[in-house]
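Trainee: All chains should be modelled from the sequences, with the hints used to inform the complete structure.
Okay, here's what each chain looks like letter by letter:
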Amino acid sequence: MRLRYLVPALVLIGLVVLFAVGLRHDPREVPSPLIGKPAPAFSLAVLGAPQQTYTLADLKGRPVLVNFFASWCAACRVEHPFLMQLAAQGVEIVGVDYKDTDADGADWLARHGNPYRTVIADPQGAMGLDWGVYGAPETFVLDTAGTIVYKQIGPLSEAVWRERVAPLLQGAKP
Amino acid sequence: MKRGTLKSRLAPVALLAGLLLALPGAPLRAAELDAEQQARYQTLINELRCLVCQNQTIADSNAPLAADLRQQVETQIRAGRSDAEIKRYLTDRYGDFVLYRPPFKAKTWLLWGGPFVVLLIALGVALRFVRARRAAPAATAVDAAALRQVLADEAGDDARRPPENRS
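Heads up: the protein sequence lines correspond to chains C and V, in order.
Going by our numbering, 55 is the number at position 55 of the first sequence; the sequence numbering is gapless.
Residues are numbered in our numbering as their position in the second sequence, beginning at 1, plus a constant of 174.
Hint data in this document are derived by calculation from the structure and do not stem from the laboratory.
Certain hints may be false.
Only pairs whose alpha carbons sit at most 16 Å apart, straight line, appear in this in silico EDC-like list of lysine to aspartate or glutamate [as the list claims (entries may be wrong)]: (1) C/K37 to V/D266; (2) V/K261 to C/D130; (3) C/K60 to C/E29; (4) C/K37 to C/D143.
Mentor: Next up, the structure:
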């Protein structure tokens, strides 16, 4: 007879756990299948220097962050001060001006400051598509071999950096 | 009269349909594909999820990313890639999430099997319920004579007599 009360109680507890877990997940964050895989190849012009190309080979040899941003992207403004801080600490960040015009991208960097060692122009979003980007900002963490070890969807922050990214870079401090 | 009411009922529907048709749609027909390729293109874009507006296919969505993905599908069809290769290309980059019909594998068994698990549980509960009802004790044996007496009493005037006074 006690089963009568126990079963609904268990079902309720199960649902609460399910919802508690579910609500902590952001459905907009689609886990990238590229984690642990080599970064996809690309060859694009450097922003403001169309004759100069930048390729995957240029990203290898040291840990580097590849940050997709754009002048039209509001969340990139939120993220920007933290990137400046990282750059000041000596972290190498390569920017990809994603689906943006060169003029707007350059203007945005001139206005807010440039945390990037190099900025690649991806006006068509071709590199973005190849890298599985579906919005900005998105940040890939590459190890020395050019393998993607982490992907941040949405702005990087102090907390994300401390908890997720920094431990990955422990072995090879930039 | 009936025709009139039907007409007036259909009017808003017709209006809505007209408005929907008038909406500027995204270029859903790829210009340079032959009929067979066009059919494949349509099938594919209706099976791929837009990652920005997650409850729309890339055929339905007006998001720039959806347009890029449609373009990508068209380019790859024209390059002679098979449907499976195109889907591979996209799942390699965006994961199974881009597919509206993800493959059955370790990670997705609950997604595919879940409804059947729930159905089985429901069937189990229903079966138990029915069995419990069947197993319920049948009506206790009734003395036919006593029953007849009660019915007769009910029908008669003496129905209101207190029971201890019955024979």
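Trainee: None of the hints should be skipped; say for each whether it holds.
Mentor: Against the structure, the hints:
1. Taken as a hint, the C/K37 and V/D266 pair is honoured in the structure, with Cα atoms around 10 Å apart against an allowance of 16 Å.
2. For the suggested pair V/K261 and C/D130, the alpha carbons sit about 13 Å apart, so the restraint of at most 16 Å is met.
3. At most 16 Å may separate the alpha-carbon atoms for a hinted pair to count; C/K60 and C/E29 exceed this at roughly 27 Å.
4. Simply put, C/K37 and C/D143 have alpha-carbon atoms about 11 Å apart, close enough for the 16 Å limit, and the pair holds.
This entry does not satisfy hint 3, going by the numbered hints stated previously; all others are met.
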